[in-house]
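Residue numbers (the working numbering), protein chains in the order written: chain A, 1 to 382; chain B, 383 to 764.
Be aware that one or more of the hints could be misleading.
[Unchecked claim] One-sided excerpt, in silico: chain A residues whose CB lies under 8 Å from chain B:
#	residue
1	F80
2	L160
3	Y366
4	K382
Don't read these hints as lab results, they were simulated from the structure. Quick reminder that beta carbons are idealized off the backbone N, C-alpha and C, glycines included.
There are 2 protein chains.
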Amino acid sequence: MKILILGADGYLGWPSCLYFSRRDHEVTGVDNYFRRNAATELDCESLIPAPNLLQRANIWKEVTGRSIKVHIGDITNYEFLLSLFREYNPDAVIHYAEQPSAPYSMMSRDKAAFTVQNNLISTLNIMYAVKEVNPECHIIKLGTMGEYGTPNIDIEEGWLEIEHNSRKDRFLFPRQAGSLYHTTKVQDTDMIWFYVRTWGLGVTDLMQGPVYGLSTEETDLDPRLTPSFHYDEIFGTVLNRFIVQAVAGYPLTVFGKGNQTRGFLNLRDTMQCVYLSASRPAARGQLRVFNQLTEQFSVNQLAEKVKIVGDRLGYNVVIKHINNPRVEKEDHYYNVKYTGLFDLGLKPHYLTDEILESFFAVTDTYKDLINRDAFFRGVSWK
Amino acid sequence: MKILILGADGYLGWPSCLYFSRRDHEVTGVDNYFRRNAATELDCESLIPAPNLLQRANIWKEVTGRSIKVHIGDITNYEFLLSLFREYNPDAVIHYAEQPSAPYSMMSRDKAAFTVQNNLISTLNIMYAVKEVNPECHIIKLGTMGEYGTPNIDIEEGWLEIEHNSRKDRFLFPRQAGSLYHTTKVQDTDMIWFYVRTWGLGVTDLMQGPVYGLSTEETDLDPRLTPSFHYDEIFGTVLNRFIVQAVAGYPLTVFGKGNQTRGFLNLRDTMQCVYLSASRPAARGQLRVFNQLTEQFSVNQLAEKVKIVGDRLGYNVVIKHINNPRVEKEDHYYNVKYTGLFDLGLKPHYLTDEILESFFAVTDTYKDLINRDAFFRGVSWK
């Protein structure tokens, strides 16, 4: 397959490039370095200083002999995106190219407006480019489990049949997100579903939970291939932050009561999910939605797991509940259906003590690079 | 009350300015002339050449002695919008300032991107300005019945309680719109609901059906106060187009089968609805949704009504079904609840033969100004 990966410099984008490349697909990676630059601006850079995307592609070539084509540019510029589709005519496009941080989207009007504009115009442009160049191209869009929020009913896989006054119809499962960032993903879904219905495009929407981990089979081939890894309040996900906090001897910062429950998955499983989706594309006119997670945990459960393993390894882990800077339910029902990707063949890497131990081990090698000032910034939702 | 009306140059914005002004409220009207300019660009200008907004405010002053303040500028520029809130500190803001045309949003990538950017950034800016300057300010947002699309269940007033696997929760009523423009209104709703929950703002979302008519008590005071009136395929609504087509001796252009059913209301009733909403504001933390219509008709029913009255008046009206350039259901269930505004005191002007006759009479006085080339452009959804 010819694969176009948008947001290729990111935590998920880069290992996805390697995963597809190693499996003999022609990969083109695109990034505008937004996150790289924003992390510098906010002094919360990746734990491991990542070579730039072109340099990383060269390292990959050196290590494996395989080529990844790289373009640096902004896909909200339609002419740029269109030129990529015309040059490569991909079989599938994977859309990671969004501003991905909830706190970032809540910091100011300007950052909120950037998030709206970047996320929606990038998605709009992909719809138009696919329609214009090749409507057969399969669009794989990274959504987020956060789109659903925390409803008081079971969360189905994207869709819900509703019976009302003895009549029935099938709708997108209700979405009400907990940040402006997550809301832009809901807005993406609205827009994608409109163009799927109207133009008959084929889209897979991966409703992903928070991802953890910093290695895949491919990135392990050479330390210079390690993905960018954020553990800070702005760009880090919760388990990644806890592990780095534990290694740094900094208290694990639990927001509020810590009963907030979410679905999680290992970085290696994200690779599988995206790959399985690409291998078995959505039909034309189908918006196929998968809930992309392998397990559910509360924040407290994650903190406890990190503490137990960390203490055993000698880190003396402290858990600290702090006032929740976010507006979110701290006690809520949460029960998610996620069978679609397992049906496609997903083999999960569950969060075992062994996985946590190896995560501690890798993180410890970068111990001296940890920026403790990045752990907590207190970005308030109010 | 101090009222800030955004989109004050438009079909609804201008008569709203007059309606509030005549009832002793302090009105500030704002517009960037987007529609005025777009209509010139696309050669589908208002039937009645409207003086610019400053000129119209001067005419209003001359006729009634009342003042309406006018600012010309773009509210997607946050500094501009913020300066207005700081200067006037309004009790209510009425948000008409959106790109309002479905066909316009389907013409090209650039026009789609403009629609997304204009509609969402304007709404975002209003949320931020209200939070920053005075969170007590009541936001009245013009939504559209088109957000709901044509579901196979009864359309409730904004919200739906869903029972699923023996558990219950209340959600926004499912929305799946029929154009990119309508989809941006769904996206607006997602965003507004997020900030209402998070910041406790008070918002009324008026889910309005297509409006018809070109006179209100206030605009009738002087012909120079007539609202801008579009009857073309891009900016015109269906009944307005039919009346002008009938007067011009042009066939009424019915898209497809014509069984498409929608909720309609008279321009005078829009004034009442907006005024009633402003007089009884939403509570802080409430997203209050009203379905703003007074009757349901199919396109065929409207065409028949126009033909019957038009023929009686001697216009010899012809109805012509043309291939539907849109992607929409031409046979569908449609049953809308709309009691909220009636409960607030709405006194409807139903679409009687007398109303149609007076509509014909006013339109006929502008007969020589009709641009027949504007009736059909065939903007395709595909």
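Original post:
Which numbered hints does this structure break?
Top reply: Those not satisfied are hints 1 and 3.
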